[in-house]
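J.: Residues per chain are reported as follows:
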Amino acid sequence: MRRYLVQRLLLTLLCVLGISMMVFLALRLLKGDLATALLGQAGVTGAWNKLADPEDLAAFREALGLNDPLPIQYAKWLWLVLHGQFGNSAYTSTPVVTEIGKTLPVTVELAIFATILAWIMGVPAGLISALKQDTAVDNILRMFSIVGLSVPAMWLGALLITLPAIWFRWTPLRPYVSLLQDPVANIRAMFWPAFTLAVGMAAPLMRLTRGMAIEVFLSEYIRTARAKGLAERVVLFRHALRNSLVPVVSASGVQFGALLGGALIIENLFSLPGLGRLLVRGIFYRDYAVVQAGVLLIALMFSMINLVTDIAYGCLDPRVRYT
Amino acid sequence: MATISWFVRKKSLGALGAIILIAWILVAILAEQIAPHNPNTQAFTPLQPPSTMHLAGTDQYGRDLFSRLVFGSRISIVVGISTVTIALVLALAIGIPSAFWGGTADLIVQRIVDMMLSFPGLLFALLVAATLGPSLTNVIISIALGKTAAGIRLVRGMVLSEREKEYVMSARVIGCSKARICFRHINPNVIPMSIILAATAVGDSILADAGMSFLGLGVPPPASSWGSDLSLGRSSFLLAPWLAVFPGLALTSAIFAFNMLGDSLRDLLDPRIRRRGV
Chain A
1 MRRYLVQRLL
11 LTLLCVLGIS
21 MMVFLALRLL
31 KGDLATALLG
41 QAGVTGAWNK
51 LADPEDLAAF
61 REALGLNDPL
71 PIQYAKWLWL
81 VLHGQFGNSA
91 YTSTPVVTEI
101 GKTLPVTVEL
111 AIFATILAWI
121 MGVPAGLISA
131 LKQDTAVDNI
141 LRMFSIVGLS
151 VPAMWLGALL
161 ITLPAIWFRW
171 TPLRPYVSLL
181 QDPVANIRAM
191 FWPAFTLAVG
201 MAAPLMRLTR
211 GMAIEVFLSE
221 YIRTARAKGL
231 AERVVLFRHA
241 LRNSLVPVVS
251 ASGVQFGALL
261 GGALIIENLF
271 SLPGLGRLLV
281 RGIFYRDYAV
291 VQAGVLLIAL
301 MFSMINLVTD
311 IAYGCLDPRV
321 RYT
Chain B
324 MATISWFVRK
334 KSLGALGAII
344 LIAWILVAIL
354 AEQIAPHNPN
364 TQAFTPLQPP
374 STMHLAGTDQ
384 YGRDLFSRLV
394 FGSRISIVVG
404 ISTVTIALVL
414 ALAIGIPSAF
424 WGGTADLIVQ
434 RIVDMMLSFP
444 GLLFALLVAA
454 TLGPSLTNVI
464 ISIALGKTAA
474 GIRLVRGMVL
484 SEREKEYVMS
494 ARVIGCSKAR
504 ICFRHINPNV
514 IPMSIILAAT
524 AVGDSILADA
534 GMSFLGLGVP
544 PPASSWGSDL
554 SLGRSSFLLA
564 PWLAVFPGLA
574 LTSAIFAFNM
584 LGDSLRDLLD
594 PRIRRRGV
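Heads up: the sequence lines are chains A and B, in that order. Residue numbering for the first sequence follows the working numbering, starting at 1 and increasing by one per position. Residue numbering for the second sequence follows the working numbering, starting at 324 and increasing by one per position.
Treat the hints loosely; a few may be bogus.
[Stated by the list, open to error] In silico DSS-like pairs for lysine-lysine, Cα to Cα no more than 30 angstroms straight-line:
no., chain 1, residue 1, chain 2, residue 2
1, A, Lys132, B, Lys334
2, A, Lys132, A, Lys102
3, B, Lys488, B, Lys501
4, A, Lys132, A, Lys228
5, A, Lys132, B, Lys501
These aren't lab readings, by the way, just hints derived from the structure by calculation.
Same shape as in the complex, but just chain A (with noise of 0.2 angstroms):
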């Protein structure tokens, strides 16, 4: 066990390693570099309505370190992440570390958020889906998470911000403020854009559970617990439950990590100043250090989280064990 922690962790690192090379390697292949983006580029009004000589560009670029081959340019910028130095943020001359600190809360708190909604819709729904198989009930569950599967967030979020404006003069918008700072005020900003996004998840969330639990019901030592005589409760909640749950939990570990760096469309359409709309203006200004920095964290966190579930997995069913 411990030897499959230390190669995944090592794996790990690699890969994190392997994805900056690849974004660094993205973003200078990007028309237009930093300099072009801060200065303008030669003779055309630039992003900030600069006109530039060629001269102060070229200047420019040899100060920033831009014109060293590409390998050398990565080797600067990897000593200085080892060193705990990311750099500024061209764009708000601010700290890189100060612009993710900022942000990242955000987005974790809105993938958390939703993860729980998520889980409080799509569980339940399942397990009494599956105990009610074939009825009414079960159908009308199934044609919910039909629904929920094929509606994309993003229509959800616009019809949300939309309609109740319209008839009841709602709106599900609410300005950002931090957990620390208000906490209900906090949660009225976050409660619709994680429904939006938990609505997505819950569908497929419960759709494994109703087969798990489907699949459960029918094993043979569900049958002989009931042969035992057991409380039909007690059969469920200390034996069926805890076995169908194990991959819903892996999905939900997955669907976690990807929101980490997905929820893009989301954080947009509410305004909610989270990671990957800083990650998306980033790309769009050349904004390299932020962008890199920030993919990074996404992809160490992304690994991180796949490698908790992985073993959460191995831990929760005894019959996956890692030699």
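Place chain B on chain A using the hints.
T.: Here is chain B on its own, set in the frame of chain A:
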């Protein structure tokens, strides 16, 4: 005929999905005939609600939304189907040999796949599209790359589980060459299932394309993709709610159709589910 009626009765949702799918494909092919107006002419009164002349209303630039959605179906369906087809072919071509022969090549391939999968899908597609520039081909490439990585993972799992089965072991014992085992035994059991799984992935591709257009990195204007229609109308949503409703309706119906069809086909062909009769 008999198979079709059997399918409709057994998997009604899948049949519904198939009907919607065929409808959208017809719309995409016959877009010029079906769309009442040119999707790009800004000639009409902006922000008109749905009427007989403008079935879905007009947007803030005075373009007929219905025509835009009809032409947008072309882009969404083309992106959806081509990304998945490319990903399927690549995943099979890379995944089967990699899993079957194993060794260092397999290790390298798996590490590259790990890297690509450690990256949230949309962000990855965004980065690739930003690097390559906005165009239809680049959107397809960026989405297909992510799907290929996931596909290689799945194909590898299938090949590995097939490889341990008794019939493969028997084939090895009687002295079949590795190539023969691969082509005659492994492939027929892996490829059909992969195609079905690919069908379910089309909905996700369409969603990814919508997401990228929404953020501005999809097919460039004036071409209309459902996602960009949704995003462009944002500033006018409160004045013109049809700008929020109709693009999303188109998106949802297409995603629904692909998901249902793929699910039903998978239910019918997956041996585990068939056996249980769930």
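J.: Each hint needs a verdict: does it hold in this structure or not?
T.: Against the structure, the hints come out as follows:
Restraint check: the Cα-Cα separation between Lys132/A and Lys334/B comes to about 20 angstroms, which is no more than 30 angstroms; the hinted pair holds. About 46 angstroms separates the Cα atoms of Lys132/A and Lys102/A, which puts this hinted pair outside 30 angstroms; it is violated. A hinted pair counts as satisfied when its Cα atoms are at most 30 angstroms apart, and Lys488/B with Lys501/B qualifies at roughly 15 angstroms. Between Lys132/A and Lys228/A the CA atoms are separated by roughly 23 angstroms; this keeps the pair inside 30 angstroms, and the hint holds.
About 49 angstroms separates the Cα atoms of Lys132/A and Lys501/B, which puts this hinted pair outside 30 angstroms; it is violated.
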